[in-house]
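Engineer: Each position in the sequence shown, counted from 1, maps to that position plus 73 in our numbering.
Please note that the accuracy of each hint is not assured.
[Stated by the list, open to error] Now the in silico label distances, taken between C-beta atoms and shown as ranges: (1) 76 <-> 153: 24 to 30 Å; (2) 112 <-> 143: 15 to 21 Å; (3) 94 <-> 138: 24 to 30 Å; (4) 91 <-> 125: 20 to 26 Å; (5) 83 <-> 121: 29 to 35 Å; (6) 103 <-> 76: 16 to 22 Å.
Honestly, the hints are just simulated from the structure, not real lab data.
The structure displayed is predicted, hence computed values, not measured ones.
Quick reminder that beta carbons are idealized off the backbone N, C-alpha and C, glycines included.
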Amino acid sequence: MDWFLTAVYGAAMNWLSDLLGVRMLGYPYMQRAYLAAVCIAIIGPLVGTFLVHREMSMIGDTLAHTAFAGVAVGLFLNTTLSL
Numbered sequence: 074m075d076w077f078l079t080a081v082y083g084a085a086m087n088w089l090s091d092l093l094g095v096r097m098l099g100y101p102y103m104q105r106a107y108l109a110a111v112c113i114a115i116i117g118p119l120v121g122t123f124l125v126h127r128e129m130s131m132i133g134d135t136l137a138h139t140a141f142a143g144v145a146v147g148l149f150l151n152t153t154l155s156l
């Protein structure tokens with residue numbers, strides 16, 4: 074997986090960085106952040122549609138509020154959790 078991130082995806086993002094003139098796209102941590110954002114943008118609506126179809130839409134609301142509480146606690150404690 075690391076080979077794919079550096080050789081294929083990293084090279085494509087570096088090319089896009091040079092093409093657009095946005096240096097931020099050339100940094101590896103930003104490349105992985107954009108990859109995570111794209112994955113969430115694809116998976117999120119699929120999960121949401123499934124939950125609404127199964128009449129379990131409150132689970133999505135619960136997950137959002139739980140994630141918000143986790144971020145709030147992390148900011149309050151001023152720490153990160155390494156998994």
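Engineer: None of the hints should be skipped; say for each whether it holds.
Structural biologist: Against the structure, the hints come out as follows:
1. 76 <-> 153: 24 to 30 Å: The hinted range 24 to 30 Å holds for residue 76 and residue 153, with Cβ atoms some 27 Å apart.
2. 112 <-> 143: 15 to 21 Å: holds, 19 Å
3. 94 <-> 138: 24 to 30 Å: violated, 40 Å
4. 91 <-> 125: 20 to 26 Å: Taking Cβ atoms as reference, residue 91 and residue 125 lie about 42 Å apart, which means the hint is violated.
5. 83 <-> 121: 29 to 35 Å: Since residue 83 and residue 121 have Cβ atoms about 31 Å apart, the given range 29 to 35 Å holds.
6. 103 <-> 76: 16 to 22 Å: holds, 19 Å
Comparing the model with each earlier hint shows violations of hints 3 and 4; every other hint is respected.
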